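If you want the building blocks of each chain, they are given just below.
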Amino acid sequence: MSFFDLTGTLKPLTALKQFGKQPHTISYPKVKKEAADRYRGFHYNDLEECIGCGNCSTICQNAAIDMIQIEGIDGKKGDSGLRPRVDNGRCCWCALCVEVCPTGSLSLTKDYLYVSEDPDTFLWTPGVDNPEGKERVSFTSTGDSSLNVFQRVPMRELEGKERVKSFAEVVLGYNEAEARAEASRCISCGICTEVCPDHMHIPEYINAIAAGKDDEAVRIIYDNNPLPEMCGKVCTRRCEDVCALAHRGEPIAIRWLKRYATETAVTADITHEIVNPVIKESNGKTVGIVGAGPSGLTAAYYLALRGYDVTIFEANAKAGGATMYGIPKYRLPIESLDKQIEYIQSIGVKIHFNTKVGKDITFKEIYEKYDVVFMGVGFPAAWTLGIDGEDAQGSVQAVNYLHAINSGDKVEIGDKVIVVGGGNVAIDAARVSKRFGADVTILYRRRVEDMPADWEEIEGAEDEGIHIIPQAIPVAVHKDENGRVKSLEYVLAEMVPDERGGRPKPVEIEGSNTTIEATSVMAAIGQMGDYSFLDEYAETIKVDRGRFVVNDKQQTTDPKVFAGGDAVNRTADAISAIADGFRACKAIDEMMMGTEK
Amino acid sequence: MRDKATTLYIGPQHPGITGNMMVKVQVEGDTIIKARTEVGYLHRAFEKLQERRNWLQSFTLLCRFCVPEPDPVEESYARAVEMLEGREVPERAKYIRVLMLELARMGSYLLWYGGQNGSLGLYTMGQWSVGDRNYILDLFEELTGGRIYHMYIWPGGVRRDLPEGFTDKVLRTMDYFEKRLKDYDDLMFTNTIFQKRTQGVGVISKEKAVEWGVVGPVLRGCGIKSDIRIDDPYEIYDQLDFEVPTAEGGDIWARALVRRAEIRQSIRIIRQVIEKMPSGEIYNKIPNPLKWALPKGDAYARTEATRGEIGMYIVSDGTVNPRRTHLRGAAYVHGVSLLEDLLVGENVADISAIMNSLGTCPPEIER
Chain C
1 MSFFDLTGTL KPLTALKQFG KQPHTISYPK VKKEAADRYR GFHYNDLEEC
51 IGCGNCSTIC QNAAIDMIQI EGIDGKKGDS GLRPRVDNGR CCWCALCVEV
101 CPTGSLSLTK DYLYVSEDPD TFLWTPGVDN PEGKERVSFT STGDSSLNVF
151 QRVPMRELEG KERVKSFAEV VLGYNEAEAR AEASRCISCG ICTEVCPDHM
201 HIPEYINAIA AGKDDEAVRI IYDNNPLPEM CGKVCTRRCE DVCALAHRGE
251 PIAIRWLKRY ATETAVTADI THEIVNPVIK ESNGKTVGIV GAGPSGLTAA
301 YYLALRGYDV TIFEANAKAG GATMYGIPKY RLPIESLDKQ IEYIQSIGVK
351 IHFNTKVGKD ITFKEIYEKY DVVFMGVGFP AAWTLGIDGE DAQGSVQAVN
401 YLHAINSGDK VEIGDKVIVV GGGNVAIDAA RVSKRFGADV TILYRRRVED
451 MPADWEEIEG AEDEGIHIIP QAIPVAVHKD ENGRVKSLEY VLAEMVPDER
501 GGRPKPVEIE GSNTTIEATS VMAAIGQMGD YSFLDEYAET IKVDRGRFVV
551 NDKQQTTDPK VFAGGDAVNR TADAISAIAD GFRACKAIDE MMMGTEK
Chain X
598 MRDKATTLYI GPQHPGITGN MMVKVQVEGD TIIKARTEVG YLHRAFEKLQ
648 ERRNWLQSFT LLCRFCVPEP DPVEESYARA VEMLEGREVP ERAKYIRVLM
698 LELARMGSYL LWYGGQNGSL GLYTMGQWSV GDRNYILDLF EELTGGRIYH
748 MYIWPGGVRR DLPEGFTDKV LRTMDYFEKR LKDYDDLMFT NTIFQKRTQG
798 VGVISKEKAV EWGVVGPVLR GCGIKSDIRI DDPYEIYDQL DFEVPTAEGG
848 DIWARALVRR AEIRQSIRII RQVIEKMPSG EIYNKIPNPL KWALPKGDAY
898 ARTEATRGEI GMYIVSDGTV NPRRTHLRGA AYVHGVSLLE DLLVGENVAD
948 ISAIMNSLGT CPPEIER
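For the record, the sequence lines run as chains C and X. Residue numbers are given in my numbering: position 546 of the first sequence equals residue 546, and the series is strictly consecutive. Residue numbers are given in my numbering: position 113 of the second sequence equals residue 710, and the series is strictly consecutive.
Just so you know, not all the hints are guaranteed correct.
Keeping only pairs whose Cα atoms sit at most 27 Å apart, straight-line, the calculated DSS-like set for lysine-lysine is [claimed, not checked]:
1. X/K793 with X/K822
2. C/K410 with C/K77
3. C/K21 with X/K779
4. C/K329 with C/K285
5. C/K410 with C/K356
6. X/K776 with C/K17
7. X/K893 with C/K213
8. C/K11 with X/K793
9. C/K553 with C/K505
10. X/K882 with C/K213
11. C/K11 with X/K776
12. C/K359 with C/K410
Rather than coming from a laboratory, the hints here were simulated on the basis of the structure. The model shown is predicted, which means the values in this text are computed figures rather than measured ones.
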């Protein structure tokens, strides 16, 4: 090649053909470039949707997101009240925060330009500082792209037809692989902990299960719940209602995971070995407890751990209270409860069975003998329907029926059972009757969706062939010539919206009377307390609207007496009772040790 | 009479240097007699940082290994994770990945056009090619939501499916480039200045290339046909029809010819990918990222990037965080050891041109 190459010199001059052309990267008149439809610009957060779970903050690899308190947003059940604040100086717009947001409230917008000399203004609370972002949302979380695992590992259960043949446990429980898979869905936000009456350390024990450390999980669970296997089977699990994943998917099976962990400790001895409780040296103080239900057992267990001499007086032959006598065995097998109570006894809790306070021993004796008294007496008496013919033979209260069955007694119910009510007791009584071969019908005054019973229980009942008649109000029980139940007459009701904004009320439809044949009628419309055992102490220990009056430490109007469980709180579930027991234990300890705040 | 040797510091802030690094040269007159690279201005400890992030969070760091072409790093990492875990990737995702990789290759070469010509004082070419690169970046923006850092290819597949009308837009862009590349040739390859400044400069012999572990277009510019897409095919490259261009000479010119031809091959691949792309899933979902532990073991996945082999080596101890990650990049071999050797005997004015032709990339050297 010569030094002067004609082509090589002239060809580049063809660039001159571009002369005078407009640059193709800029258009005139100048317009600000509109970002693409899935552009990853500044964040926007739908403040109503957001529950402040903090998963965005957890995943942010730049630590650019802090969860902060915002004026006007208060924490409530299922919402921490916190909202993410993004440091736009740290953010790399990877949008992982969007992909892991369980509610889908967080997204990125098309906005990408912000200029300021003040670096403090780079801290944005999306949604608060840029409400206009709502119209500019571009990179959003869709169900497909979400990194949350919304599908729950299904629970294996006995088939409906199999179930009704026996009292075998319906729910079969997770195996190891299922439990690990289910536990690993958890995002550890802890929204559940706040809602649990007992504030159990839910994310911690789920993490332990996910990591394959079942023993560790059991230890964490026993931190504040001495009856966890019972809770693992029958808890009302409000935690699952607020689970962050429930917003767009199925909540973590918190209850079943607790059940899995605690079932790995197959006997009381193994439980003792795993939990390895540290029992403080005796401090010489004594505590008398009335009732070996969940609240009494909880107070007893944790007080015993703290060196107290604890004695429980239980009217029945077995401990467990309503969980023993109210819950059918296909939900909570007797062995399971026995194991947990044996473990509680193994750390030094004394239980006097078949000792009814007020009959076998007076409350006065207990009050005078012990330094502190705790009452977990429950709601033993049932409400009656208050209709004609209720005194017929075969017309019973569902709780009494369940109590008898769980005690091993035989009850003649015939082949046509009608249960009146929509709570868990009604469903339990119906499903138990079904297992004795009866044809069972449930009457409920409102709609099925209004039933206070656990939806899984309702579905279970339907699977087993139990017929539910909603919006039906019983008016009379008809007897045959021997005084036995012959039939039940009811009227249908229509739902009338409540003017004051409450739930709709059932109102009888005139002339809609229907009569169905029955051999038994079971009322399951509620229970109440029986405080006759208090005798003269009824004056000092106040009762208001059927429940003991207590302060936030479970202390009654008599400072020496504490109370918990159904006789105190309206939620009437085991976990609330356990929480009461735990709270009372702490208060008693503080009072006795003089460390009261 | 010999001139007295003078030491010159070129970089770290210097328009001819490809990023933040320095070359310290001793010159006699205009001739370099010794060269030493000084790196460390850009060290951000990515490999170490990954150990403190979980397997998913690590993925967002990867694009910073190489700004002009982040996708091969993402792809290598994703594939290494998938190999270790045994995770299947949907077929469509593989096609989309290849589309991304080839678009990234084009974008990176267009940037190189600018750098290579700029190093020789031919600035018009750079303005054209970098301007045209915007069309590729527009495509990235539409597909991934980001123009430069895509964070799009992740373990299990890709993050989002193609938006509506995207493939038509890609094809239109390819049509544009096919026409446009002729202008580049007129301005660059037939240009006497370009020819004279590049031919016979920065020559690497075949033997040396093999001995020093040279890869990618630099190796192919030495006349050796080597390309991971062919030698160790990944994703769906074995189902595609394309050539691996080579050139003889081992100088800057030869390397430029290889890159010129590769852009055309990329267009060919992109057209095939769009034609053959199946429908279906794009993502085989990973478990909850906060608890996503990889099995114990290690894996290495490599990709043919514009600088040559990019590979991610990952070691897992069975936990949610990588025990160790390592990026094997071409830039360390090319831009440090080879460059130091190659500069000896060259003219000081050619330092920048040689660096550019080797694909030196400091963020990748200092990981």
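The hints, checked one at a time:
1. X/K793 with X/K822: holds (26 Å)
2. C/K410 with C/K77: violated (44 Å)
3. C/K21 with X/K779: holds (18 Å)
4. C/K329 with C/K285: violated (37 Å)
5. C/K410 with C/K356: It holds: about 23 Å lies between the C-alpha atoms, which stays within 27 Å.
6. X/K776 with C/K17: holds (15 Å)
7. X/K893 with C/K213: This hinted pair holds, its Cα atoms lying about 18 Å apart.
8. C/K11 with X/K793: holds (15 Å)
9. C/K553 with C/K505: violated (36 Å)
10. X/K882 with C/K213: holds (25 Å)
11. C/K11 with X/K776: Distance of about 16 Å is within 27 Å: holds.
12. C/K359 with C/K410: holds (26 Å)
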